Amino acid sequence: MSKYGTIPTSSSAGGAQPLGGASPLDFISRAKARGATALATRRPWRELGDVHALGLPPSLGDAYLRVRANLAHFAMNYAIVVLVVVFLSLLWHPVSLIVFLVCMLAWLVLYFLRDEPLVLFGRVVGDGVVLAVLAVITLGLLLHTNATANILSSLLIGLVLVVLHAALHKAEENADDEAGRWYAPVPPPPLH
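Numbering (numbering that gives the first Met the number 0), first residue to last: 0 to 191.
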């Protein structure tokens, strides 16, 4: 008698296990858990878009401190904003968009969602090598799609939006608690 609402996660006895002993369902659940963990560092969009928290910084030094604090505080949100700007710019270049999505899938499988080291021809490939090879392949493929200027300009637009928001958004009082995640905080100058 079967139970409704249950999903078997293992194959039947004697069945071959793909991917070195891990089933595709296990891979998907691990990917989902890692994605949820990464998105847990995202701040609420209301906090990011709060117009009452915007204001001109009194000095260039204060603007610099705001940018550093807000980059640490809203890092995941800012990354999403830049990726959305790049994605939207590629909508008018369907070949580049397809290449971008295929490369993103390769990055997910080969770099971000990998639990075990990558082994090729019996040798372990280090993360730095995987990172460098994926970066070169992604850059090379995108350069061959004739959308280089579009991609670079959309990255520049995304970065300008991020830095402008980070400079204008008044930093939270607790933003220094997160600073160690992304950079070593610089102590404020002594008051004379």
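No wet-lab data here; the hints were simulated from the structure.
Computed from a predicted model, the values in this text were never measured in an experiment.
Among the hints, erroneous ones may be present.
Stated by the list, open to error - Restricting the straight-line Cα-Cα distance to at most 20 Å, the calculated cross-link-like pairs of lysine to aspartate or glutamate (EDC-like) are:
hint	residue 1	residue 2
1	K169	D25
2	K169	D49
3	K169	D61
Outcome of the hint check:
A C-alpha spacing of about 43 Å is found between K169 and D25, which places the hinted pair above 20 Å, so the restraint is violated. At most 20 Å may separate the alpha-carbon atoms for a hinted pair to count; K169 and D49 meet this at roughly 10 Å. Distance hint between K169 and D61 is fulfilled; the C-alpha atoms sit about 10 Å from each other, no more than 20 Å.
Comparing the model with each numbered hint stated earlier shows that hint 1 is the single one that does not hold.
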